[in-house]
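*Asks:* Single-letter residue listing:
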Amino acid sequence: MAMEIRDIPQTKETTQLLTMVQAVNDGMKTMLELDEKTLILGEDIGKNGGVFRATEGLQERFGADRVIDTPLSEAGIIGTSIGLAVNGFKPVAEMQFLGFIYPAYEQIMTHVSRIRMRTMGHFTVPMVIRAPYGAGIRAPEVHSDSTEALFTHMPGLKVVCPSSPYDAKGLLIAAMEDPDPVLFLETMRNYRAKREDVPAGKYTVEIGKGKKVKEGTDVTLIAWGAMIPVVEKAAEQAEKKGISCEIIDLRTLYPLDRDIIAESVQKTGRAVIVHEAHSTGGLGNDIVSIINDTSFLYLRAPIERVTGFDVPVPLFALEDHYLPTPARVVQGIEKVVHF
Amino acid sequence: MAMEIRDIPQTKETTQLLTMVQAVNDGMKTMLELDEKTLILGEDIGKNGGVFRATEGLQERFGADRVIDTPLSEAGIIGTSIGLAVNGFKPVAEMQFLGFIYPAYEQIMTHVSRIRMRTMGHFTVPMVIRAPYGAGIRAPEVHSDSTEALFTHMPGLKVVCPSSPYDAKGLLIAAMEDPDPVLFLETMRNYRAKREDVPAGKYTVEIGKGKKVKEGTDVTLIAWGAMIPVVEKAAEQAEKKGISCEIIDLRTLYPLDRDIIAESVQKTGRAVIVHEAHSTGGLGNDIVSIINDTSFLYLRAPIERVTGFDVPVPLFALEDHYLPTPARVVQGIEKVVHF
Amino acid sequence: MKTQYPMKKVIDDEGNLIDSSYKDKIDEQLVRDFYYHMTRIRTFDRKAISLQRQGRLGTYAPFEGQEASQVGSALSLGADDWVFPTYRDHGATLTYGADMIRTYLYWNGRVEGCVPPEGKKIFPPAVPIATQIPQAAGAAWAEKRKGTNNAAIAFFGDGATSEGDFHEGLNFASIFKAPVVFFNQNNGYAISVPIEKQMNSETIAQKSVAYGIPGVRIDGNDCFAVYFETKKAFDYARSGNGPTLIEAVTWRTGAHTTADDPSKYRPEDQGKDVVDPLLRLERFMKNYGCWDEAWVADIQEQLKEEVEAAVEAMEKFPKANVEDLFDHVFAELPAQLADQKESYLAHLRGE
Amino acid sequence: MKTQYPMKKVIDDEGNLIDSSYKDKIDEQLVRDFYYHMTRIRTFDRKAISLQRQGRLGTYAPFEGQEASQVGSALSLGADDWVFPTYRDHGATLTYGADMIRTYLYWNGRVEGCVPPEGKKIFPPAVPIATQIPQAAGAAWAEKRKGTNNAAIAFFGDGATSEGDFHEGLNFASIFKAPVVFFNQNNGYAISVPIEKQMNSETIAQKSVAYGIPGVRIDGNDCFAVYFETKKAFDYARSGNGPTLIEAVTWRTGAHTTADDPSKYRPEDQGKDVVDPLLRLERFMKNYGCWDEAWVADIQEQLKEEVEAAVEAMEKFPKANVEDLFDHVFAELPAQLADQKESYLAHLRGE
Ligand SMILES: Cc1ncc(C[n+]2csc(CCOP(=O)(O)OP(=O)(O)O)c2C)c(N)n1
Ligand SMILES: Cc1ncc(C[n+]2csc(CCOP(=O)(O)OP(=O)(O)O)c2C)c(N)n1
Ligand SMILES: [Mg+2]
Ligand SMILES: [Mg+2]
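Chains as they are written, first to last, in UniProt numbering: chain A, 1 to 339; chain B, 1 to 339; chain C, 1 to 351; chain D, 1 to 351.
One or more hints might be untrue.
Result set (BS3-like, lysine-lysine): computed pairs, CA atoms no more than 25 Å apart in a straight line [unchecked claim]:
1) C/Lys272 with C/Lys9
2) A/Lys47 with C/Lys9
3) C/Lys146 with D/Lys286
4) C/Lys264 with B/Lys29
5) D/Lys264 with D/Lys25
6) C/Lys177 with D/Lys197
Just so you know, the hints here were simulated from the structure itself, not pulled from any lab data.
Excised from the complex, chain A in its bound form (with noise of 0.2 Å):
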C-alpha cells in the first residue's frame, strides 16, 4: 500500500527545493541525461520553453534535435511519436493544455492504446503524453479541461496524476520508464503553489500506488492532483468540527489502487470523492463501484461525490462556481457524517 520504490539517486546527498512544473522539469531532464532514447515533442516546447516553462532551458541543453518543436498538429504529434517509440525512442510528448488533446484522440484511442494488444506484445509504444489540465487559473476557453475519465475507458493506457513536486518528478520518471503509454496529467493550478525537497538524479515514484495523505477516522476524502490542497482545506474545517478525515491522494488514475480506497474505507465507513470533472461519467463512479464491490458492508452513509458540474467547464468569470470548493467537500463530509 502506498510504497514508494526509489531508485538510488545519482547524486545522494543533494535535494532541492522545488515547485511542481520545476519537477516537472527536473524529470524530463534528469532521463535526457540518463537514456539517449528520451526525446521530447511539442508544441512551443523549445526555445520558448513550454508555455508554463516546463521544458525551460532543456532545448538549450539538450539541442533541437532531442527537444523538438513540432507543429501544431496533435495528431500528428501522437502519430510520430508513435512511429518514434515503436522503433526504439521514448518520446514525451507535450500536449499544450488537455483541452487540445482531442485532434489526437484518435491516435490515442486506436492505437497508442492498442499496439501491444494487436501484436501480442510484438510492438509497444513505450511513451508519456504530458498535459496540463484543469480550471482556475483564469485560463481562456477549453484551457480548463479535466477530462481524465475519457482516457482511463481506454484499456491499454496508464493515466497518472501527481499533486506534489516529489510525486512529481518520481512519478514522471516511472511513467518515462514504463513499458507501457502513460498519460500524465499536470494540474496548471498548483504549478508553483509550493516547493517541496525533491531529491537530485533519479528516482521513481511507482505507478498504480495512491498515498495516505493525512490519517482520520470519521470519513475518507478520496481525490487527486488540483484537488488535494482543496480536500485539505475542508478537512482541515471539518476537524474543527470534530469531524476526523482521512486524505487518499490517489496519484494513479489508471490503474486504480484499490486496496488503499477499501482499506481506508473499511476503517472509517464514510467517503467522499473529489475531483472536478463532471459528475455524469466522470472517475468519482468509478471509484463508488470499488467501494461498492469491496466495502459495501462496512458503509454506513451513502458515498458523497463533490464534482464539477454536468456543464462544459464555463469562461473563466464563472469558473469559480463550476469547480468544487472547500465549502462544497465540508457540505459533502457533514452530509455522509450525519446521515
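Starting from the structure of chain A, add chains B, C and D with the ligands where the hints point.
*Replies:* Quick look at chains B, C and D with the ligands alone, frame taken from chain A:
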C-alpha cells in the same frame, strides 16, 4: 415513468413489420419528407445505401443534394454539419462505425456540445450523429467499439441507444426534432435480429425515459441496446431457478432516467447492470452512483456489474469471450440474490 | 514553388500606388474607411493590453501589426455574410459590427462576449485551432443550399494550416463549391514556432493546389491588396465557383498573448523592417493628398472616447450570473442538472 | 493542374516498352520476380474469397487488380525497411515477407495474424483510415535519427487523402525530412464513393505541392513504372531529401470487401477498359521473348500448393486462447484486470 409521447401518425391505420435497421431508415425517410431542412450526410450513404443499408433508397428518393455522400473525413463531416446546423439545416451525420468517430472527437467535444452554452443559446446545433456500435458480428478490428461513455461525459450532448425497431424510429425522430445535438447509437448486432410493428409516418419516443421491459421482484437488470436480448435470456434462465427479474431498458444514456432506476431498485433491493463497454469508465459506474445516491437504504446486496473486460475489443476470434453472455449475467444475478 | 505565388501588392512600403490598375477603384471614402477602422481597432487593442496590465482584463491576444489584414478583409464582406474568427480576429469582427463592450467582456471571461449583435452572423472565436474551418465551409454551404448570395469567411493563422481540420475543411469546401473565403493571416509564428518549422512549403497559398482551388498570396499589410483580393474571392464564391485560399503575409508586432514573451524566441531584429500598416496607409494618404490632420485628430479623439466608454460599460456590466453556468447547456435543463443547479444555489444561499 | 502530373508509364497496355530509357534496367530475373509474386498474391487472394464464401474466413478485402502496385512497391523495399499497410495491402506484405498462414489467420479474426516474422518490420494493417501515415513518418524519422540507411513506406488509398492524418503525416515528414515514401493506390473508389466526390483536385500527386515535396503520378498497373519510381523515391529518401508522394493509378477489380456489392454503385462498364496488370506483364513477356510456358505452369502449381498448405495450416492452427484476451494489454497485468481474467477463467471452468 417510461411514458411515450406519440404524435398522431400520418397514416393512422398503417403499421409495418420492420427490423431495427429498416425502422431507422423509415425514421429518416419520414423526416426527409416532412422537413425540407433535414439532410443526411455520411460515407457511402448514397447509392450504396450505407454499409448496413440504413440509408437504402433515400438518395434515390430525395436526391444526392439531400442525401449526401461525403469524403472519408469524419472531422469534416461533423465540422461542416455544425455549420449547416447553425445556419438552419438539420443534419443527420452518419459515422460508419462508432469506432471511426474518434477523428471527429474534437469537433464534438469542443463545439457540438458547447456552442449553445458558449453563445447563451444564440447559436445552436440541432444535429444527430448516428453510429452503429458494438461487437458480436465478426467485424474487422476497431469496428466493434462500444464507447458510449466517452460521450456521456460531455455535457451538451444527448446520447440515445434503442434496442427495438419501434423505439429506434420513435427515438430517431425525437432526436431529429430535438433542439440539441444527439448521438444516436445503433446496435449492429440486432439490426436485423427481430421485426416489430412500427407505425408508418411520424411518432416520437421521449428522449430521457427508460422503459420497463419486464416486471419482476427479486432483482433489477439494467441494460440497453445490444445487451437487452442478452439480459432477457438471462432473466429467462434465472426465472427457471426461481428468481424473478425486472428488466429496465434505459434507451437514453444521457440524460439517464434516474427515476426508473431508483423506483425499480427500491422495489427489488438488488441490481445487476449489464453493458458491453469496458468496466472501468463504463456507464455502469454512473448507474451504481445513481443507486447509491437514491436507494442506499434499500440495497440488500452490493450492485453487480457484468461488462466487457478492461481490454480493447479483440479481433473477432475472441469477441464472444469479450462480450457479456447470458451465463455471465445469470452468475451476476445469483451473486446478488444469494449475497 | 514560391515564384508561382508572388506576393500581390497594391501600394508599397512608402505608400506609393504600384499597381495603377487600381487607380480608379480607390476613392477617398474607402481610404478614410480603412484609416478609421484601423485606427479604431488599434485604439481598442492598445487599451486592452493596458487594461490587462492593470489587472482589469484577463489574458489578451493582441493583433497590432495585422490591422490591414483584418480591416481590409472585414470591409470586403457583405452585410449578411458569416464570420468565423479566431481569438486574434476581433479587429475584423469589430470592423464588421461586433459590439465593443462585449468584445471586452469576452476577454474578461464573460460568456456574454460570445453573443453577436442580432443579425450579425459572427461566430464566437475558435480557440481549438483550425476547428472553425470546416464549420465555415458548412455555414457557407448552407447559404448556397438556400440559394442566397451570402458567403462565409474563415480566419486562421499560419499555425492552423498544420491541423487536420484545415485540410478537411478545404477539401469539403472545394468539393461542394461552398461560397467561403479561407483567409489566412501568416504572421510568421504559431506562438514561438516560426513558419519554417511549421511547414516545408515556401508559401501557404500553394496549399490550394491540393484542393484544386485558387490560392493567392498577398501583402497583408497593404489594406488595398487585402480588400480587393478578398472582394475578388467573394465575387468568385458568390458566382458559384467555390472557395479561395488567401495568404495574407503580415506581422504580429507584439506578443502572442499578454502571457507571452516573444523576446524568448524571436531574433531581436526580426520584423524591424516591417512598415506598420497604419503608417503605410498614412504615407499613401499623404502621397495622394487625402491626409487631413483635422479629420485624423477628430477621429482619434472620437475613438478614444468610444473605447473609454466601452471600457466603462464593460466594467459596469452586471456581474456574471451563476445561473448562466447551468441554463444554456441544453434547451431544457435535464432533471439531474436541474438538481445540481438547485442544490448549488441553495449552497450559495448558505443552506 | 492535371497536365503538370502526367501519368508515368514504362510499358503500355499491349505490353510494349514505351520508355526506352528503361531497357537496360529490366532483366529477366526482375520480370520473373514480378510475374511470380503477382501470380502468388493473386492465388492467395482468390483463395481467400472462396474461403470466405464457404464460411471458412471472415469478411475479406480483396486486392485483385492492384497486384502491380503492391508487388512493384514491395520489391523496391530494402531488407530492413518499415512497412505500414492497410487492410488491402497484404499483397504487398506477403511479397515483402509476411507469413502466409498468419495473413489468413488475420482474416479469420486471429490476433496472431498481426504479428510479423521476426526481423520483418511490418506493422499490422491500419484499419482506421490514414492513421498509419504519421506513424510511418515517425518510424522513418527514427531510422534517420539512428543514422541507418533504412526507410519506411506507408500504403494508403485515395479515400485516405481526405483524412486529417494524411495531411498531418505528410507535413511532419516534409519538415523533418523523414525517409518515407507515401505510396497511394488510387483505385478510384473509397468503398462506393468515386474519386470526384472525394476531392476537387484532378490528381492525388498534386497534393505534394502543399508540403513542398515531390509528387509523382504513375500507372499503378504497370509493375515497371511502380517498381522504378518507388525505388527512385527510396533513393531520394535515403539520401536525406525526405518524403515523396506517389500516386499509383489502379483499379480494384472486385468488391471493396466480401460484404460489399459494387454493382450498387459502379457503372457496369466502368473499368472494362482496364487491362489486368498480370495480363499486361504476360504480354510484355511474350513481346520480349521471356515467356516460358513451362515455368509459368510450374510456378502456378507450386503456388497453388503453397496456398493450399497455408490454408490447411491456418485451419489446423491452435484454437484462439482466451488468455490472450487479457495478457497483452499491458506489459504486466494490473490487479483489477488480473481479477477479471481470473474470475472469467473460473466462470469458463464452470465455477
Ligand atoms: C488544437 C489546439 N492546439 C494548441 C492550441 C494552443 N495555441 C493557441 S494559439 C496557438 C498558435 C496559433 O498560431 P497561428 O495559427 O499562426 O495563429 P496566431 O496565434 O499566430 O494568430 C497555439 C499553439 C490551441 N489553441 N488549439
Ligand atoms: C476513420 C475511418 N473511417 C471510416 C472507415 C470505414 N472504411 C473502411 S475502408 C473505407 C474506404 C477506404 O477507401 P480508400 O482509402 O480509397 O482505400 P481502398 O479501400 O480503396 O483500398 C472506409 C470508408 C475506416 N476504416 N476508418
Ligand atoms: Mg501565426
Ligand atoms: Mg480507394
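*Asks:* Against the 25 Å threshold, does the CA-CA distance of C/Lys264 and B/Lys29 hold or violate the hint?
*Replies:* 59 Å, violated
*Asks:* For the pair we were handed, A/Lys47 and C/Lys9, check the Cα-Cα distance against 25 Å.
*Replies:* 33 Å, violated
*Asks:* Is C/Lys272 within 25 Å of C/Lys9, Cα to Cα?
*Replies:* 19 Å, holds
*Asks:* Could you grab the alpha-carbon distance between D/Lys264 and D/Lys25 and see if it respects the 25 Å cut-off?
*Replies:* 43 Å, violated
*Asks:* Decide if the proposed pair is consistent with the structure: C/Lys146 and D/Lys286, CA atoms, cutoff 25 Å inclusive.
*Replies:* 60 Å, violated
*Asks:* Between the alpha carbons of C/Lys177 and D/Lys197, is the straight-line distance 25 Å or under?
*Replies:* Answer holds: C/Lys177 to D/Lys197 is near 12 Å, not above 25 Å.
The earlier numbered hints that this structure contradicts are 2, 3, 4 and 5.
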